[in-house]
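*Asks:* Sequence:
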Amino acid sequence: MLEESTLMHTHEGRAESALLERELESFHDASFGWALACCGRDRDAAQDVLQTAYLRVIEGRARFLGDATLRTWFFGVVRKVAAERRRRHAVRGAALLRWFGGTPQPPVAATPETSTTDAQRNALLHDGLARLSSRQRELLHLVFYQELTVEEAANVLGITVGSARTHYARGKTRLKTWLSGAGVEPS
0 MLEESTLMHT HEGRAESALL ERELESFHDA SFGWALACCG RDRDAAQDVL QTAYLRVIEG
60 RARFLGDATL RTWFFGVVRK VAAERRRRHA VRGAALLRWF GGTPQPPVAA TPETSTTDAQ
120 RNALLHDGLA RLSSRQRELL HLVFYQELTV EEAANVLGIT VGSARTHYAR GKTRLKTWLS
180 GAGVEPS
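Numbering (numbering that gives the first Met the number 0), first residue to last: 0 to 186.
These are calculated hints, taken from the structure and not from any lab test. There is no bait here: all hints are sound.
Straight-line C-alpha distance at most 20 Å; calculated DMTMM-like pairs for lysine to aspartate or glutamate:
no.	residue 1	residue 2
1	Lys171	Glu151
2	Lys79	Asp41
3	Lys79	Glu151
4	Lys171	Glu150
5	Lys79	Asp43
6	Lys79	Asp47
7	Lys79	Glu150
8	Lys171	Asp126
9	Lys79	Asp28
10	Lys171	Glu184
My request is simple: use the sequences and hints to build the entire structure.
*Replies:* What follows is the structure in C-alpha coordinates.
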(Lines of atoms letter the chains of each structure in order from A and count residues from 1; the text may use other names and numbers.)
(Lines give C-alpha, C1' and ligand atoms only; values in the text may rest on other atoms or scores of the structure.)
Protein backbone atom coordinates (compact mmCIF):
# COMPACT_ATOMS: atom_id res chain seq x y z
CA MET A 1 0.00 0.00 0.00
CA LEU A 2 2.90 2.34 0.73
CA GLU A 3 4.20 1.91 -2.82
CA GLU A 4 0.82 2.81 -4.27
CA SER A 5 0.51 6.00 -2.22
CA THR A 6 4.10 6.94 -3.06
CA LEU A 7 3.39 6.42 -6.75
CA MET A 8 0.19 8.44 -6.44
CA HIS A 9 2.07 11.28 -4.68
CA THR A 10 4.79 11.21 -7.36
CA HIS A 11 2.16 11.30 -10.10
CA GLU A 12 0.35 14.22 -8.43
CA GLY A 13 3.67 16.02 -7.98
CA ARG A 14 4.43 15.62 -11.68
CA ALA A 15 0.97 16.90 -12.59
CA GLU A 16 1.42 19.91 -10.30
CA SER A 17 4.89 20.49 -11.72
CA ALA A 18 3.58 20.40 -15.29
CA LEU A 19 0.79 22.83 -14.37
CA LEU A 20 3.28 25.15 -12.66
CA GLU A 21 5.55 24.97 -15.70
CA ARG A 22 2.68 25.93 -18.04
CA GLU A 23 1.66 28.81 -15.79
CA LEU A 24 5.22 30.16 -15.58
CA GLU A 25 5.60 29.78 -19.34
CA SER A 26 2.44 31.85 -19.90
CA PHE A 27 4.16 34.94 -18.48
CA HIS A 28 7.75 34.21 -19.48
CA ASP A 29 8.04 37.38 -21.59
CA ALA A 30 6.80 39.53 -18.71
CA SER A 31 9.20 37.73 -16.35
CA PHE A 32 12.09 38.45 -18.70
CA GLY A 33 11.06 42.11 -18.86
CA TRP A 34 11.07 42.25 -15.07
CA ALA A 35 14.46 40.49 -14.95
CA LEU A 36 15.81 43.12 -17.39
CA ALA A 37 14.52 45.88 -15.13
CA CYS A 38 16.11 44.23 -12.08
CA CYS A 39 19.44 43.88 -13.93
CA GLY A 40 19.78 47.42 -15.25
CA ARG A 41 18.76 46.40 -18.80
CA ASP A 42 21.72 43.95 -19.02
CA ARG A 43 20.31 41.20 -21.25
CA ASP A 44 22.88 38.54 -20.30
CA ALA A 45 22.46 39.20 -16.59
CA ALA A 46 18.66 39.09 -16.97
CA GLN A 47 18.85 35.72 -18.74
CA ASP A 48 21.06 34.34 -15.96
CA VAL A 49 18.77 35.70 -13.25
CA LEU A 50 15.64 34.31 -14.90
CA GLN A 51 17.23 30.89 -15.40
CA THR A 52 18.32 30.81 -11.76
CA ALA A 53 14.80 31.78 -10.65
CA TYR A 54 13.31 28.96 -12.74
CA LEU A 55 15.85 26.52 -11.26
CA ARG A 56 14.93 27.55 -7.74
CA VAL A 57 11.30 26.79 -8.48
CA ILE A 58 12.05 23.46 -10.18
CA GLU A 59 14.41 22.37 -7.39
CA GLY A 60 11.89 23.38 -4.73
CA ARG A 61 14.13 26.05 -3.19
CA ALA A 62 11.41 28.62 -3.93
CA ARG A 63 7.93 27.43 -3.04
CA PHE A 64 4.62 28.98 -4.02
CA LEU A 65 2.42 29.07 -0.91
CA GLY A 66 -0.60 30.73 -2.48
CA ASP A 67 -0.51 33.98 -0.48
CA ALA A 68 -0.20 36.01 -3.72
CA THR A 69 -0.82 35.34 -7.39
CA LEU A 70 1.69 33.02 -9.03
CA ARG A 71 2.94 35.87 -11.22
CA THR A 72 3.43 38.23 -8.28
CA TRP A 73 5.22 35.50 -6.30
CA PHE A 74 7.52 34.62 -9.21
CA PHE A 75 8.41 38.28 -9.80
CA GLY A 76 9.47 38.32 -6.14
CA VAL A 77 11.71 35.30 -6.75
CA VAL A 78 13.27 37.04 -9.77
CA ARG A 79 13.85 40.20 -7.72
CA LYS A 80 15.58 38.27 -4.93
CA VAL A 81 17.81 36.38 -7.36
CA ALA A 82 18.78 39.65 -9.08
CA ALA A 83 19.57 41.29 -5.72
CA GLU A 84 21.75 38.33 -4.72
CA ARG A 85 23.55 38.55 -8.07
CA ARG A 86 24.17 42.31 -7.61
CA ARG A 87 25.55 41.73 -4.10
CA ARG A 88 27.83 38.93 -5.34
CA HIS A 89 29.15 41.09 -8.19
CA ALA A 90 29.62 44.11 -5.91
CA VAL A 91 31.68 42.06 -3.48
CA ARG A 92 33.76 40.61 -6.31
CA GLY A 93 34.22 44.05 -7.87
CA ALA A 94 35.32 45.58 -4.56
CA ALA A 95 37.75 42.71 -3.99
CA LEU A 96 39.21 43.15 -7.47
CA LEU A 97 39.60 46.89 -6.94
CA ARG A 98 41.41 46.28 -3.66
CA TRP A 99 43.57 43.65 -5.32
CA PHE A 100 44.54 45.84 -8.27
CA GLY A 101 44.45 49.13 -6.35
CA GLY A 102 42.32 50.81 -9.00
CA THR A 103 39.47 53.24 -8.67
CA PRO A 104 36.24 52.88 -10.59
CA GLN A 105 35.46 55.41 -13.30
CA PRO A 106 32.07 57.11 -13.05
CA PRO A 107 29.73 56.42 -15.95
CA VAL A 108 29.45 59.13 -18.57
CA ALA A 109 26.06 60.85 -18.37
CA ALA A 110 24.14 60.87 -21.64
CA THR A 111 22.84 64.21 -22.88
CA PRO A 112 19.12 63.95 -23.65
CA GLU A 113 17.97 64.98 -27.09
CA THR A 114 14.97 67.25 -27.37
CA SER A 115 13.57 65.49 -30.43
CA THR A 116 10.63 63.24 -29.67
CA THR A 117 10.73 60.40 -32.18
CA ASP A 118 9.63 57.10 -30.70
CA ALA A 119 13.15 55.72 -30.36
CA GLN A 120 14.41 58.95 -28.84
CA ARG A 121 11.42 59.15 -26.49
CA ASN A 122 12.08 55.60 -25.35
CA ALA A 123 15.75 56.40 -24.78
CA LEU A 124 14.79 59.49 -22.79
CA LEU A 125 12.27 57.48 -20.79
CA HIS A 126 14.94 54.90 -19.93
CA ASP A 127 17.33 57.72 -18.97
CA GLY A 128 14.64 59.24 -16.77
CA LEU A 129 13.88 55.92 -15.13
CA ALA A 130 17.59 55.42 -14.46
CA ARG A 131 17.59 58.69 -12.49
CA LEU A 132 14.94 57.43 -10.06
CA SER A 133 15.71 55.54 -6.90
CA SER A 134 15.77 51.79 -7.43
CA ARG A 135 12.54 51.39 -5.43
CA GLN A 136 10.71 54.01 -7.53
CA ARG A 137 12.05 52.52 -10.76
CA GLU A 138 11.00 48.99 -9.74
CA LEU A 139 7.50 50.14 -8.79
CA LEU A 140 6.96 52.08 -12.01
CA HIS A 141 8.23 49.14 -14.04
CA LEU A 142 5.91 46.68 -12.31
CA VAL A 143 2.88 48.96 -12.64
CA PHE A 144 3.40 50.27 -16.18
CA TYR A 145 5.30 47.51 -17.98
CA GLN A 146 4.05 44.44 -16.10
CA GLU A 147 0.57 45.87 -15.49
CA LEU A 148 0.49 44.97 -11.81
CA THR A 149 -1.53 46.99 -9.34
CA VAL A 150 0.38 49.04 -6.78
CA GLU A 151 -0.75 46.48 -4.18
CA GLU A 152 0.65 43.57 -6.23
CA ALA A 153 3.89 45.48 -6.84
CA ALA A 154 4.20 46.07 -3.08
CA ASN A 155 3.87 42.32 -2.56
CA VAL A 156 6.58 41.61 -5.16
CA LEU A 157 8.93 44.12 -3.52
CA GLY A 158 8.12 43.03 0.02
CA ILE A 159 7.03 46.49 1.20
CA THR A 160 3.79 47.87 2.62
CA VAL A 161 1.11 49.17 0.28
CA GLY A 162 1.40 52.65 1.83
CA SER A 163 5.13 52.75 1.18
CA ALA A 164 4.56 51.50 -2.37
CA ARG A 165 2.01 54.24 -3.04
CA THR A 166 4.41 56.88 -1.76
CA HIS A 167 7.32 55.63 -3.90
CA TYR A 168 4.98 55.29 -6.89
CA ALA A 169 3.67 58.86 -6.61
CA ARG A 170 7.13 60.35 -6.02
CA GLY A 171 8.60 58.34 -8.89
CA LYS A 172 5.93 59.51 -11.32
CA THR A 173 6.42 63.13 -10.23
CA ARG A 174 10.23 62.97 -10.57
CA LEU A 175 10.00 61.23 -13.95
CA LYS A 176 7.47 63.76 -15.26
CA THR A 177 9.63 66.66 -14.08
CA TRP A 178 12.76 65.21 -15.66
CA LEU A 179 11.02 64.40 -18.95
CA SER A 180 9.52 67.91 -19.12
CA GLY A 181 12.99 69.38 -18.58
CA ALA A 182 14.29 67.17 -21.40
CA GLY A 183 11.65 68.62 -23.74
CA VAL A 184 9.30 65.63 -23.81
CA GLU A 185 5.65 66.58 -23.83
CA PRO A 186 3.11 64.16 -22.34
CA SER A 187 1.21 62.20 -24.97
